[in-house]
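Trainee: Construct all of the structure, not just a fragment, from the sequences and the given hints.
In case you want the letters, here they are:
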Amino acid sequence: MDIKNVYKIAQRAMGAQLVRLNAIASNLANADNIAQNPQDAYKPVKPVFETKYFDLIRKRGISTVDAVTVQKMDIEPIKVFKPGHPMADNEGFIYKAPVDVEEEYVDMLEASRQYQNNVEVITTIKALMLKTANMGK
Amino acid sequence: MTDSIKQQFEVYSNALRIRNNRNEILASNIANAATPNFKARDLDFEVELANALSVGPLKTSKDGHIALASKNLPGKVQYRKPLHPSMDGNTVELSIEQTEFAENTMRYQTTLNFINSKLSGLISAIRGE
Numbered sequence: 010m011d012i013k014n015v016y017k018i019a020q021r022a023m024g025a026q027l028v029r030l031n032a033i034a035s036n037l038a039n040a041d042n043i044a045q046n047p048q049d050a051y052k053p054v055k056p057v058f059e060t061k062y063f064d065l066i067r068k069r070g071i072s073t074v075d076a077v078t079v080q081k082m083d084i085e086p087i088k089v090f091k092p093g094h095p096m097a098d099n100e101g102f103i104y105k106a107p108v109d110v111e112e113e114y115v116d117m118l119e120a121s122r123q124y125q126n127n128v129e130v131i132t133t134i135k136a137l138m139l140k141t142a143n144m145g146k
Numbered sequence: 560m561t562d563s564i565k566q567q568f569e570v571y572s573n574a575l576r577i578r579n580n581r582n583e584i585l586a587s588n589i590a591n592a593a594t595p596n597f598k599a600r601d602l603d604f605e606v607e608l609a610n611a612l613s614v615g616p617l618k619t620s621k622d623g624h625i626a627l628a629s630k631n632l633p634g635k636v637q638y639r640k641p642l643h644p645s646m647d648g649n650t651v652e653l654s655i656e657q658t659e660f661a662e663n664t665m666r667y668q669t670t671l672n673f674i675n676s677k678l679s680g681l682i683s684a685i686r687g688e
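These protein sequence lines are chains A and B, in that order. Take the first sequence: its letter number 71 is residue 80 in the working numbering, and every next letter is one higher. Take the second sequence: its letter number 17 is residue 576 in the working numbering, and every next letter is one higher.
It is worth saying that the hints were derived from the structure and are not from the lab. Note that the structure is a prediction, hence the values are computed from the model and not measured. Think of the CB as a built atom: it goes at the ideal place given N, C-alpha and C, for glycine as much as any other residue. Incorrect hints may appear among the rest.
[Claimed, not checked] In silico EDC-like links for lysine to aspartate or glutamate, alpha-carbon gap of 16 Å or less:
(1) 640(B) / 601(B)
(2) 88(A) / 98(A)
(3) 55(A) / 98(A)
(4) 598(B) / 59(A)
(5) 17(A) / 583(B)
(6) 52(A) / 109(A)
(7) 55(A) / 109(A)
(8) 88(A) / 100(A)
(9) 135(A) / 583(B)
[What the hints assert, rightly or not] So the derived list for chain A, only partly shown, Cβ under 7 Å to chain B, looks like this:
(10) 28
(11) 58
(12) 72
(13) 74
(14) 137
(15) 145
Mentor: Encoded structure:
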């Protein structure tokens with residue numbers, strides 16, 4: 010999909026921010042997940058953002074952003090000693106998902122703010138275009 | 560006055576076009592506010608308008624010509640110098656981009672108002688009322 014106009018710029022940026030919000034939502038949903046061994050523990054996911062230029066005329070500085078991949082973060086699960094826990098392994102450990110809830114919250118706020126900024130761009134441009142279409146009336 | 564009606568609108572149509580280009584660039588900056596290593600860009604409205612109206616700095620068309628020293632050349636989208644550079648290499652400062660976008664929008668609307676006034680002036684001149 011190429012970038013035809015300013016709507017596409019904001020549209021794709023909003024899409025990228027939504028991917029980010031989805032990743033945050035799944036991280037938060039799995040924040041208290043417990044696993045029996047370190048391999049099965051939930052690993053937080055983060056989207057990777059990449060600038061997409063308006064290919065033909067790169068010099069014009071028109072670009073948007075895509076969330077190209079969503080990567081699992083390479084963090085070790087939190088090892089907690091709880092011998093009585095039903096999920097505990099032979100040595101009495103359980104493995105908690107290493108989700109930093111505060112970080113996710115801050116990320117969520119930033120993502121939603123940036124989503125709003127893009128909505129604002131669309132609203133403004135829409136108003137401008139309507140006024141331009143009504144020129145001379 | 561020997562100007563044709565088209566000439567009367569030359570400044571405004573060029574201004575609208577450049578303001579629209581600038582809006583697209585600023586929208587790109589806002590879209591990339593969270594992209595690591597993205598460099599915010601912008602264009603110089605005054606230089607672009609002067610170039611579109613063929614006024615301003617001397618144009619060079621041959622290798623031997625010496626261009627006048629000018630900071631901003633027309634047709635070039637410049638990189639913004641960040642006031643507070645961030646560690647991820649992104650130079651978008653949302654406060655700046657948002658205010659620039661607001662100002663650009665406002666000036667676009669002002670240009671539209673100029674056109675509308677011009678049009679109604681011309682129409683009343685044509686009608687002779």
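Trainee: Quick check on residue 28(A) please, does its C-beta sit within 7 Å of some C-beta on chain B?
Mentor: Since chain B brings no Cβ nearer than about 12 Å to residue 28(A), farther than 7 Å, the hint is violated.
Trainee: Do the numbers back the hint for residue 145(A), that is, is its least Cβ distance to chain B under 7 Å?
Mentor: holds, 4 Å
Trainee: CA of residue 55(A) to CA of residue 109(A), is that 16 Å or under?
Mentor: holds, 12 Å
Trainee: Minimum Cβ distance from residue 58(A) to chain B below 7 Å?
Mentor: With a closest approach of 4 Å, the residue 58(A) hint holds.
Trainee: Checking hints one by one. Is residue 72(A) an interface residue toward chain B, by the C-beta closer than 7 Å rule?
Mentor: holds, 5 Å
Trainee: When you check the alpha-carbon spacing of residue 17(A) and residue 583(B), does it fall within 16 Å?
Mentor: It holds: about 10 Å lies between the C-alpha atoms, which stays within 16 Å.
Trainee: Tell me if the straight-line CA distance from residue 135(A) to residue 583(B) falls inside 16 Å.
Mentor: holds, 13 Å
Trainee: Starting from residue 55(A), check that the Cα of residue 98(A) is at most 16 Å away, please.
Mentor: Given pair residue 55(A), residue 98(A) is violated - Cα atoms ~29 Å apart, limit 16 Å.
Trainee: Does the structure keep residue 88(A) and residue 100(A) at a Cα separation of 16 Å or less?
Mentor: holds, 11 Å
Trainee: If you take the shortest Cβ to Cβ gap from residue 74(A) to chain B, is it below 7 Å?
Mentor: Hint holds; residue 74(A) Cβ to chain B Cβ min 5 Å, cut 7 Å.
Trainee: Is it true that the CA of residue 52(A) sits at most 16 Å from the CA of residue 109(A)?
Mentor: holds, 11 Å
Trainee: CA of residue 598(B) to CA of residue 59(A), is that 16 Å or under?
Mentor: holds, 12 Å
Comparing the model with each numbered hint stated earlier shows that hints 3 and 10 do not hold.
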